[in-house]
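Visitor: Start from chain A and add chain B according to the hints.
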Amino acid sequence: MKQGKLFYYIPYGLWIALFVIAPVVLIVYQSFFNIAGHFTLSNYATYFHSGVYLKMTFNSVWYAFLITAITLLISYPTAYLLNQLKHKQLWLLLIILPTWINLLLKTYAFIGLLSRSGSVDSFLTFIGIGPKQLLFTDASFLFVATYIEIPFMILPIYNAIAELSPSYVNASRDLGASGWQTFSRVIFPLTLDGVKSGVQSVFIPSLSLFMITRLIGGNRVITLGTAIEQHFLVTQNWGMGSTIGVILIVAMVITMLLTGERKKKGRTRHAK
Amino acid sequence: MQSKLSGWSKAYLIIVFIILYAPILFLVMYSFSKGNTMSNFHGFTFAHYQTLFHDPRLIQIVLDTLIVALLSSLFATIIGTAGALGVYETRHRAIRQTVLSLNNILMVSPDVIIGASFLIFFTMLGLRLGFISVLLSHIAFSIPIVVLLVLPKLNEMNASMIDAAADLGANPWQTLTRVILPAIMPGIFSGFFMAVTYSLDDFAVTFFVTGNGFSTLSVEIYSRARQGVDLEINALSALWFLVSLLLIAGYYFLEQYNQGRKTKNRQQVEAVIK
Numbered sequence: 001m002k003q004g005k006l007f008y009y010i011p012y013g014l015w016i017a018l019f020v021i022a023p024v025v026l027i028v029y030q031s032f033f034n035i036a037g038h039f040t041l042s043n044y045a046t047y048f049h050s051g052v053y054l055k056m057t058f059n060s061v062w063y064a065f066l067i068t069a070i071t072l073l074i075s076y077p078t079a080y081l082l083n084q085l086k087h088k089q090l091w092l093l094l095i096i097l098p099t100w101i102n103l104l105l106k107t108y109a110f111i112g113l114l115s116r117s118g119s120v121d122s123f124l125t126f127i128g129i130g131p132k133q134l135l136f137t138d139a140s141f142l143f144v145a146t147y148i149e150i151p152f153m154i155l156p157i158y159n160a161i162a163e164l165s166p167s168y169v170n171a172s173r174d175l176g177a178s179g180w181q182t183f184s185r186v187i188f189p190l191t192l193d194g195v196k197s198g199v200q201s202v203f204i205p206s207l208s209l210f211m212i213t214r215l216i217g218g219n220r221v222i223t224l225g226t227a228i229e230q231h232f233l234v235t236q237n238w239g240m241g242s243t244i245g246v247i248l249i250v251a252m253v254i255t256m257l258l259t260g261e262r263k264k265k266g267r268t269r270h271a272k
Numbered sequence: 001m002q003s004k005l006s007g008w009s010k011a012y013l014i015i016v017f018i019i020l021y022a023p024i025l026f027l028v029m030y031s032f033s034k035g036n037t038m039s040n041f042h043g044f045t046f047a048h049y050q051t052l053f054h055d056p057r058l059i060q061i062v063l064d065t066l067i068v069a070l071l072s073s074l075f076a077t078i079i080g081t082a083g084a085l086g087v088y089e090t091r092h093r094a095i096r097q098t099v100l101s102l103n104n105i106l107m108v109s110p111d112v113i114i115g116a117s118f119l120i121f122f123t124m125l126g127l128r129l130g131f132i133s134v135l136l137s138h139i140a141f142s143i144p145i146v147v148l149l150v151l152p153k154l155n156e157m158n159a160s161m162i163d164a165a166a167d168l169g170a171n172p173w174q175t176l177t178r179v180i181l182p183a184i185m186p187g188i189f190s191g192f193f194m195a196v197t198y199s200l201d202d203f204a205v206t207f208f209v210t211g212n213g214f215s216t217l218s219v220e221i222y223s224r225a226r227q228g229v230d231l232e233i234n235a236l237s238a239l240w241f242l243v244s245l246l247l248i249a250g251y252y253f254l255e256q257y258n259q260g261r262k263t264k265n266r267q268q269v270e271a272v273i274k
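Top to bottom, those sequences are chains A and B. Quick note: the first sequence, position 184, residue 184 per UniProt numbering, numbers continuous. Quick note: the second sequence, position 44, residue 44 per UniProt numbering, numbers continuous.
Quick list of in silico lysine-lysine cross-link-like pairs, BS3-like style, CA-CA up to 27 Å:
#1 LYS196/A to LYS88/A
#2 LYS132/A to LYS34/B
#3 LYS88/A to LYS10/B
#4 LYS106/A to LYS132/A
#5 LYS106/A to LYS88/A
#6 LYS106/A to LYS10/B
#7 LYS86/A to LYS10/B
#8 LYS106/A to LYS34/B
No lab work stands behind these hints: they were computed from the structure.
Chain A with its partners taken away, still in its complex shape (with noise of 0.2 Å):
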């Protein structure tokens, strides 16, 4: 049998070793070089010292605030009237669904329902509000990235809810809580550990999201993603991307310790 561990390990372990281990390293060794191929603090130091990349930061971590907020204010309620439904399990599957869709053509179709003399737009004028930009704000952004998260947010929450005795919410009941009693004291901290891991598989993304700040922000909204790509792709400073990337990986481990480890995978489909 110890000969067979180790055959099985062979692979794997190199996948672990070249894929997982070696580019974190690398990412870090990387944030040390400037852009001409010299070791340096400077990138750090730039990005504590400039105020444009503290605030860029800052924002990122505000506007993915806000979409775990508004994704979690939608989400749970439907998570649980989706429990008391009958063929639960197929309207959650309905849920899911859209997730299998790629996201590229989600994003997409955003762009043809908002653009100028888009559908929502002709809506608009039509019942006399008048035609809007709506393309390319700060609020479209928004709504697009809580559209596309929602889905990842239900799934952890409604099982968590799944999960939950209806014994307890009854004995809640029996001893004359009232039903906003019954919610905040039994049934919300009760499934707790679902919300948590619903903020983590969310707001880690949103904090990364870049290809939906380009299409549908305008590159008016700029995400830690979003400096990263330009880093990387556009300006070629691999060292400074790098350093940015550093950051997200530490808000990252940051998320997850205040989140919890979480028991079970919230988010069974990846959202890229």
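Guide: Relative to chain A, chain B alone:
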């Protein structure tokens, strides 16, 4: 908790579902429109589908995307299954935990980080960006999900079957191919399926590691969408939606079949015990 939903609750759910599906149906609807933009439906036509099927570049990209998805999933499934077997046979708790944590790093990392770090890695290796770098990246980010889907099946498997096989004189290879693999096959299939959807869905990682010559659908749609609306893309998305529906239906039936088989097995075992 089983109560009839009030009117407001129903309305709320209906609105959520409408919002989730409206953009997709909207895309599909305009793929049949005679106009050139996604506003004001101009009457029914298949013209955009015809352009789509006469666009050799796009067809090539669709084929490339499918080849990358199937090949990467195949490799990821093989390596991931080996990984799950390795983890399963690791008895040392701390090592097992460490390996699993390393396994999950790529699951939680933002794609931009995966893409950027792979780009550095391939460049340092001197690998030319293109088909190979995209394929390697897709294999890499699909492996962890295969491990996570196969491992529970291994843990569910009755371990005394392995001992029994060894007692009856099976060599390790026979034990693996005749006992273990058939028992975990459902997990392997779901792993493969997930790997395919990961690969088809990926944009950010591919965007970083694809060079000039090679493109997948996501990257192509991105560059076309930056230039504005093109109803050929709508036609493509309608077809994609159809394929997604078929895939998810297939997966759903696979799961149903597995569950059915599981209960059937249990009934048989119970019948034997009685």
